[in-house]
Amino acid sequence: MNPITICQVNYYFGKKALAKQVLFDINLDIEAGEIVILTGPSGSGKTTLLTLIGGLRAVQSGSLCTLGKELFQASEAELVKLRGQIGYIFQAHNLLPFMTAQQNVQMSLELNQDLSSHQIVSQAQEMLAAVGLGDKGNYYPDHLSGGQKQRAAIARALANQPKLILADEPTAALDSKSGREVVNIMYRLVKENHSTILLVTHDGRILDIADRIIYMEDGRLAQRKTFL
Amino acid sequence: MSDRLFTAWLQLKYQKIRFLIALSGVIFAVIIIFFQLGISNALFDGAVRFHQGLQGDCFILSSRSTNLTDLASFSQRRLSQAQAFEEVEYVNPIYFGVARWKNPESRNSWQSIGMIGFDLRHQTFDLPGIKSNINRLQARDTVLFDRNSRTEFGAVAEQFERDNSVITEVSNRRIKVVGLFELGTSFAFDGNILTSDLNFLRISNREKGFIDIGLIKLKTGADPENFKLKLQEYLPQDVQVFTKQEFINFEQNYWQTSQPIGFTFNLNVVMSFIVGAVVVYQILYTNVSEHLKEFATLKAIGYSHQYLLNIVFQQALIIGSLGYIPGLAIAIFIYKFAQQATLLPIAMTWQRAINILVATIIMCLIAGVSAVKKMKSANPADIF
Ligand SMILES: Nc1ncnc2c1ncn2[C@@H]1O[C@H](COP(=O)(O)OP(=O)(O)OP(=O)(O)O)[C@@H](O)[C@H]1O
Ligand SMILES: [Mg+2]
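Going down the list, the protein sequences come from chains R and W.
Going by the working numbering, the first sequence opens with residue 1, and the numbers climb by one from there.
Going by the working numbering, the second sequence opens with residue 1, and the numbers climb by one from there.
Treat each hint with caution, since some may be false.
Said to hold, decoys possible - Counterexamples of contact, computed for chain W against chain R with all Cβ distances above 10 Å:
| id | residue |
| --- | --- |
| 1 | Q76 |
| 2 | T264 |
| 3 | P345 |
As the list claims (entries may be wrong) - Straight line, CA to CA, 27 Å or less: simulated BS3-like cross-link-like pairs of lysine-lysine:
| id | chain 1 | residue 1 | chain 2 | residue 2 |
| --- | --- | --- | --- | --- |
| 4 | R | K191 | R | K136 |
| 5 | W | K293 | R | K136 |
| 6 | R | K16 | W | K13 |
Everything labelled a hint here was simulated from the structure, so no lab data went into it.
For each residue, glycine too, the CB sits at the ideal point set by N, CA and C.
Kindly produce the complete structure, drawing on both the sequences and the hints.
Set out below in structure tokens:
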């Protein structure tokens, strides 16, 4: 089973007369273990597609299966359940400012009812160590650098070892050195877990990690082997 | 979930100043509400302590009387008419009025004091100090002094206990205090004296035959409610008849509804409740709106909307209960202080403590319900 299967998906913003179509007849299959980069001009619909795949928006037509779950007409409860199985990485780190790095990672692990609190604490520590923040667990996000915050966010996203990771411009807010670091960490962890990753980026410097690059323009997909 | 991170608490704890502001809002509201209720209960209790002490089953008042400070006299014949019924064991005329009391310690300090006169033959009052002293009132120009009167009347109780007699003037008559009793202050009077019907008439210079309250004691087994209806029917419209409980309600109702005082107390309570709710709402609302993106992220990583709503309600409950405790403690302290200053029997009761705890929780939950609407804007699709 492919982690992502999309068939004839269209998407409109707005209603009735004001409706504006932003996605046109999207068909896409991503295989388990693939690292796929989605790129393309601003406003072409990349984020919209990513939020549909992640169950953050309602699918309006066509068929979209994420991790084997059909999202067309899925209930809110089903979407909540699915979201817990996906690792999200955003452009902004979106860490809760009132929790330490360690606690932010624990928040993600706590969604897993099977873990004891002891396991949660130790796994959060391991995760932080894996992103190079082993000694920063007790820091609040305000006291971390941009790159450190993004690494903490990655630790949170990957703590549950999700089979699918969705990342939207994770390096956009970082300088090139920390951007590279973040990508390397992501790459290593994804490979270790045999996860699949769909990564939206404008950042030409990180395209080398991709198994496949997809290009989006005006709401339509085009496959490419190399970037311009 | 008990061993899970307590998100609501972590957020409150992180923003300490804001948390303290929310707590002070609650503490403020709790204290004011306690204070208002304490004072008003003490006053309303005080207003009917006289009534409660009366050993009668039914009471006759002039139709024009509205409360103890506004008693119109009526003909004593009405009481005699009541006495003719076979259910009646005895009747007792009661006189109630204002007298001028001279503070025995100072040369020219006159105060208004409540003066009660009654027929000494019957056990009319059940108030501490009356039974043992009642016979001393047989003598001319003697009174019992209410030891719970305010201090403006002089240290009469102390002086009496020392010398066993106090001489002063009441409405320009030389009188002798021959004993002490306990009634306490009320809306109407800051102090009281008690005397025989004959002494009352002498001191107040009133003519015989007109009384202020007619007390009726029924024989055992007679039903006051029935008798009251019967008597009201029988007597002319110039008097009204009450059972004891109705007489008490009549007085309290007057102070609660006909006077601004009851309204003022209620208004203050409502206002503090609103102020508390608004402060808590502001804080909860800011906590949500400032972190919409982060809360939306929680939703994106798999937390339900309910989880986010619970954060707000938990914060409301934490603020409510943590604000209530110091509020209660300070209120108890203020009660002690106010009791010494006013001599009103202001005391914390379990009932009131629990009522206000519930009111505080409701206040915070109302704030929570209003603030939680903002959480709807935490849309996980908007954070990418
Ligand atoms: N909530 C919305 N309501 C209406 N239109 C929207 C909304 N979000 C996005 N759009 C429009 O949909 C189109 C696609 O937006 P989307 O954010 O998916 O583009 P993108 O490829 O992610 O762009 P970028 O590279 O700048 O992030 C744009 O024209 C945008 O203006
Ligand atoms: Mg985008």
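**Asked** What hints, given by number in increasing order, does this structure fail?
**Response** 6
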